[in-house]
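Colleague: Residue-level listing of the chains:
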Amino acid sequence: MDLILWGVLPYASVVLLVAGLVWRARHDRFGWTTHSSQVHESRLLRIGSPLFHFGMAFVVLGHVVGLLIPKSWTDAVGVDDHTYHLLAVSTGAVAGVAAAVGIGILVHRRLTVRAVRRATLRSDHLMYTVLLGAMALGILATVLNSAGAMGDYNYRDGVSLWFRSLFTLQPDYALMGRAPLAFQLHVLFGLALFTLIPYSRLVHMVSAPLTYLFRPYVVYRGRDTGQLEQRKARRGWERAS
Amino acid sequence: MAQVAMVMNLDKCIGCHTCSVTCKQAWTNRKGTEYVWFNNVETLPGQGYPRRWEDQEKWKGGWERTRSGRLRLRAGSRLKRLGHLFANPELPGIDDYYQPWTYEYRNLTDAPAGDDLPVARPVNQITGEAIDTIEWGPNWDDNLGGAPEHAVKDPLVEKIRDEVGERIRMEFEQSFLFYLPRVCEHCLNPACVAACPSGAMYKRAEDGIVLVDQEQCRGWRMCVSSCPYKKVYFNHATGKAEKCTFCFPRVEVGLPTVCSETCVGRMRYLGVMLYDADKVGEAAAVEDEHDLYPAQLEAFLDPHDPAVAAAARAAGITDEWLDAARRSPVFDLIRTYQVALPLHPEYRTMPMVWYVPPLSPVVDAVAAAGRDGEDAGNLFGAIDALRIPVEYLAELLTAGDTYPVDAVLRRMAAMRAYMRRVNLGQERDESAARAVGLSGTEMEDLFRLLAIAKYEDRYVVPTSARADAEALADAHPLDPDAAACPVSAEAFGESPVLLNLSPTRRSS
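Heads up: the sequence lines are chains A and B, in that order.
Going by full-length UniProt numbering, the final residue of the first sequence carries number 241, and the count climbs one at a time with no gaps.
Going by full-length UniProt numbering, the final residue of the second sequence carries number 508, and the count climbs one at a time with no gaps.
It is possible that some hints are incorrect.
As a list, the in silico BS3-like pairs of lysine-lysine whose alpha-carbon atoms are at most 27 Å apart [to be verified]:
{"id": "1", "chain 1": "B", "residue 1": "159", "chain 2": "B", "residue 2": "60"}
{"id": "2", "chain 1": "B", "residue 1": "153", "chain 2": "B", "residue 2": "58"}
{"id": "3", "chain 1": "B", "residue 1": "60", "chain 2": "B", "residue 2": "80"}
{"id": "4", "chain 1": "B", "residue 1": "31", "chain 2": "A", "residue 2": "232"}
{"id": "5", "chain 1": "B", "residue 1": "24", "chain 2": "B", "residue 2": "454"}
{"id": "6", "chain 1": "A", "residue 1": "232", "chain 2": "B", "residue 2": "24"}
Rather than coming from a laboratory, the hints here were simulated on the basis of the structure.
Bound conformation, chain B alone (with noise of 0.2 Å):
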């Protein structure tokens, strides 16, 4: 099956927000929905939105494997999850997302004339009522604001203090900080529509977008706490639940999302991923969270391989498609290169939206050593040196291996460091490039993929106008019974064809 798929670099994400208020402004702009946000980013370390997310002991979000080696929700059998059908016990509360408000701007120019300058006070959305002190925003800890208090409640930054001790906390207050942007990861095994007890919500099988059919919810509310990405939200007002729709009115037209379209730092890719429906339910339930992601990478099909181009064709994905896949940026990323990496595996979900893990902090970190920031020796070292940052990022993309993600560092400084030395018109360092799996040529396409970063080449979106065509096609049928088309050649012998045109005046 295809799927159109994001990736997101995290190296160059400046933490502008833009995408998450075009988003904003684009679909949750309405009464209900006053408090979600499709598109968030989040400075890490922190709680996140809403906070704690990652802390699936308490939600109990995606899933778990059984001891038979299948797969179940975490939050529990299908029997008790209807069982919970009355009052779901690990729903978010406004409260743990924030509670949105508003000022009252219209005080500003409409108080009367006195003494005192009028002041717009803040109004909770929800309930109308005047706010003293707001004391939790959907971007609180913007930058490590009040880290000290927060960014030690997040759920990774405890989990690898266990492992590593105390220590940690200060490097991370000292030197460490990256934006995580995060949407729904429209996942192969969605954790959410697996909850739906209604079966309102879906996979689509043309492109892989996980939608919510408005008109077949009905409020249970068990695929808002079963998402372990909690990107599945309740909106209030209608009494439905609403996610991140991938943007489907502008992916069926060719166009980028909107967080992407809007993205200032050019940091996001969308392309085509072809991948073994059959291999989806086998490769989230291996054993060891370890193989979570290289398993997913094996479900990942080759477009280039003429078998599968076949198989693709046959089970109708068009032409389009497949020409888009060949030319995915988010296959090289997540397959070619493999730079790219999935965000929290250990959910079994199967995640869409990949992640390039930030190097800068560690280039940073050996320049203000008083070393050449950008020689691959030192970088090399500089990844070994912050061994911590690593493990951080692990828990985050690769269920706490660091191998994969100490790899991909790797190939990214050798990058940096085979470009710099073609940019300053020394000789090229082969070895380099050598040393990480990659030869000269593909290092420059990696580059102009991720630093250059072109329009064309960050987004390549097929249509769905082919299969729409043959939709209406199969909606109105040319007559069977009239005469065969009429510019076939039977029709008139050997002579040139004759297009059907009606006869003209100068002809009759």
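Isolated chain A, as found in the complex (with noise of 0.2 Å):
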């Protein structure tokens, strides 16, 4: 079961992300966006979403950190484990509770704003489910570790060197099948939003366009000679009648 959960979904879970961001490349250009519901309600949107996304970000960053910066590293350069957990958790708390309070935001108003929920998509069911569900338990399991409820154990000697292990393609999934429940639901929740990302509107996050700091401003094109053929019918196009 260990090896199932722990040596065979992430890497499946991978290749469902790789091959969902090809399909979309190649086959779904035209459902790639991030399906903005902004011209139906802007008040709610503008604190909410900034929040989130922010927030968001940072606590990737945060897991970067501490899931890929073994505990040597910090201890050679004197950073005591008492030192670093005030430092992720002060930090942590900071872009987790904007992160909730934004999606909380967010949920609210796509509940509440007719508008806003007659747009919401199908894949958005299952992935709000999984998204508040990673970060509903990724906070207990914060709040239990921080408060002792879990013992001493230190995540830093389990979960992520049971993460970094996967990339040598050598899974310790005996280490993780040792973490506590908490950690164990969140890693799970967690491999399923990164399964999603290609299938529903998080697929936006892989097109954050940084290169529009360095393009010229305005855009020239040829005319695509492309269409001088018959056109293929494309995913998400109408036809007209």
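Grab the two chains, each in its own frame, and use the hints to assemble them into the complex.
Modeller: Written as structure tokens, this is what we have:
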């Protein structure tokens, strides 16, 4: 069981992620969008959306630091466990609360503003469930861990080591199998969220427009001579009758 | 570079909305675009669509000139725009356009028999809810309807009221109204393209049409707010930006756009404009807003100039396009006769849909005063007398500079007076023509273009066929190993050229 959950599932989720992105890029560029609902409602979105997105960006950054930087490195520069966790929990709390409040506002908006509710996609229901689940479990795990309810479990000696072992293709699944349940569930929801990226509106994160800073203002393009041929039907496009 | 541009003669627009309706039926009669009108006709003075779109203090559309003399999007630097990626503070909401609605028509036929007449209640097309009171529409203040309440909120009225005081309001309400049909301006310096984080919006090199690549748009909606004319829309069903396409599938085969083709008033003109692409940035960044119109005029190139023709050919512009550029009615109205003016040049986008300002209200005012409305002397006086509408037109078309508007109105008035004498069989008054810097022949040519407005004179649209043929030839080149052209003289010496026909039964 541990092997399937912590040794196979992570790779399956990566395969589905990559396959999904390839499918989007090759067959459904038309569906690759934020599906913004700002034209319907702007007041709540202008508070909730930046809170969630910026908060989430720092949460992701925190995960990267926590999972990828080995304990020996921070020990070497003289940061002891207590200081590390103090730093991690304090900065993480700010980012986490921002993201949580943000998503709270966004979900409230999606449920109460009728036009936004009607603009909700089928994939959104699953995506929101998994996203909210992952966030709630993450917060729960952190709170329990900090409060000492998990004994002296240190995720930097458990979850992080397992996560890094995934990259060497020799997953230490037994290690993850011994982690507290809250962490295990959080990882499962995280993997599910990861998998959902190409198949839901989350796909817009893959097209963060950083090249905008470097390109000329006005874009010129030649006429697409591909249009001279009979066009194939493409996903998402309506046929003109 | 070359662009297919448009001129609209506001003097002849009757505000029938045929262009809007045919455009809507051709392009935006779909889910997600219920509230979208690529072409709309506004009554001025009025708030327009979306409401108060001209108020750039609020929407931050177009460009601004920095102190160092460079152009920057009015909404802020690129970094600032990316900072607003998660919520665009200047995005108009559906309410700023209008909540689109339909009626429960089915109720009229399906209602059970009863004492009461069945009614078709209005239903919001986005939320599906029944509406008690429809409060705004795409053309709510048509023909100055509700003007005392709505027209005073026109940003241009507010602007000149500060300058000329309270008296202008009464003038407008009593005697002043005209229509402004609007499509995308297909600007030379498009702010929407510059604001698109994904690089999905582009200006076509061949004909200058500004388009959204639907496969590349990611729905960041920066274009919607950055367009000062509010002519990029967000399709709420597909999550992508959409805009007027200048009917490119029609233009490519030499047909006028749908709005032009169906214009009842025959007031639209389509033609090629050649311009110096290197001058665009410079012209858009001139310091004084009043210089923007002349600067754009100077960026246009004269296709009759042999040097321009040679440069155009070198840049790959075909002879068909050059010929169209020489016959372009748009070039004549903008450059030769200088009776067309750009819409809001102060946005610094270098718009390419220009307008001939309306003269009729002036003529009517003079006639109402009991004088001959088409006598040149009276007309010139009237233009001066009606200074306030001239200022309004100037706010609309020349960044507030009344001089060019005045000149255009005088030229049009002179043309009327001149042609009136011709039509009445009286002696031609060449002095009236000379007074506005034109000859008698030019007067007649302008009259033919503006008043007769034949279909072939209004629309001179070159096709892309030549370029297509070349693209196909590039894609399928002749086999280089094959012998030379079978009909070449070399193969047969000096003898008559034989066609390479397969041998017939008779010849074998």
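Colleague: Does each hint fit the structure? Answer for all of them.
Modeller: Verification of the supplied hints:
1. B/159 <-> B/60: The given pair, whose Cα atoms are some 17 Å apart, holds under the 27 Å limit.
2. B/153 <-> B/58: 14 Å, holds
3. B/60 <-> B/80: OK: residue 60 of chain B and residue 80 of chain B at ~13 Å, within 27 Å.
4. B/31 <-> A/232: 22 Å, holds
5. B/24 <-> B/454: 25 Å, holds
6. A/232 <-> B/24: 25 Å, holds
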